[in-house]
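Chemist: One letter stands for each residue in the lines below.
Number of protein chains: 2
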Amino acid sequence: MKAKVVVTLKNGVLDPQGKAIGHALTNLGFDGVGEVRQGKLIELEVAETDPAKAKAQIEEMCRKLLANTVIENYSIELVA
Amino acid sequence: MKAKVVVTLKNGVLDPQGKAIGHALTNLGFDGVGEVRQGKLIELEVAETDPAKAKAQIEEMCRKLLANTVIENYSIELVA
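Residue numbers (my numbering), protein chains in the order written: chain Y, 1 to 80; chain W, 1 to 80.
Simulated from the structure, these hints should not be mistaken for laboratory data.
Since the model is a prediction, treat every value here as computed from it, not as a measurement.
Don't be surprised by glycine CBs; every beta carbon is placed ideally from N, CA and C.
Hints may contain errors.
[Unchecked claim] Here are the simulated lysine to aspartate or glutamate pairs, EDC-like style, with alpha carbons at most 20 Å apart: (1) W:K10 - W:E45; (2) Y:K53 - W:E35; (3) W:K40 - Y:D15; (4) Y:K4 - W:D31.
[Unchecked claim] If you want the footprint, here are the derived chain W segments under chain Y, 3+ residues with CB under 8 Å: (5) 17-30; (6) 38-45.
[As the list claims (entries may be wrong)] For the chain W half of the interface with chain Y, some residues (derived, Cβ under 10 Å), not all of them: (7) K2; (8) V6; (9) T8; (10) E48; (11) D50; (12) M61; (13) L65; (14) L66; (15) L78.
Given these sequences and hints, build the entire structure.
Modeler: So this is what it looks like as structure tokens:
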């Protein structure tokens, strides 16, 4: 089963990488660039074929490794 | 207008970061972890309100800064 995990910084957490991208876009001449925030996308494949069990397993992966739940949110989308 | 840009490595391009995540998950005791690939998610806001123009502007941002089109694919999703 394939899944996509999106890890984003929680609201209010400073995002220097996003800020850097925003400044770079403005310096390149793009006008009207507002807030920019950068997150991570992790595409992974697990052997588990039951959607509910696969999701539970991936949630545990997020809590243990993929996301820092103090400052980050995660969302899981099963693909196929 | 808000948009989400997803930047992923093209197929066949080596992804050491994804490999490291895969190994770490296996070492943590997760069984049956297959391929893992890591991409970037960039959420940004542009002043442009016309969806077609906003998309064109963001495509240019992707080509000029956000993605390295030699090794990366990008996809743009307008949010609101």
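Chemist: All the hints need checking, so say for each whether the structure fits it.
Modeler: Now for the hints, and whether the structure bears them out:
1. W:K10 - W:E45: 26 Å, violated
2. Y:K53 - W:E35: With Cα atoms ~18 Å apart, Y:K53 and W:E35 stay inside 20 Å; holds.
3. W:K40 - Y:D15: Holds, at about 14 Å.
4. Y:K4 - W:D31: Holds, at about 18 Å.
5. 17-30: Since 7 is at least three, the answer is holds.
6. 38-45: Holds: 8 residues of the segment 38-45 of chain W have a Cβ under 8 Å from chain Y.
7. K2: The hint holds - W:K2 has a Cβ within 10 Å of chain Y, the shortest such distance being about 8 Å.
8. V6: Holds: closest Cβ of chain Y sits about 6 Å from W:V6, inside 10 Å.
9. T8: 7 Å, holds
10. E48: At about 6 Å, which falls below the 10 Å cut-off, the nearest Cβ of chain Y leaves the hint on W:E48 intact, so it holds.
11. D50: 12 Å, violated
12. M61: This interface hint holds because 6 Å falls under the 10 Å limit.
13. L65: 6 Å, holds
14. L66: Cβ of W:L66 sits 7 Å from chain Y, so the hint holds.
15. L78: 14 Å, violated
In summary, the structure is inconsistent with hints 1, 11 and 15 from the numbered list given earlier, while agreeing with the others.
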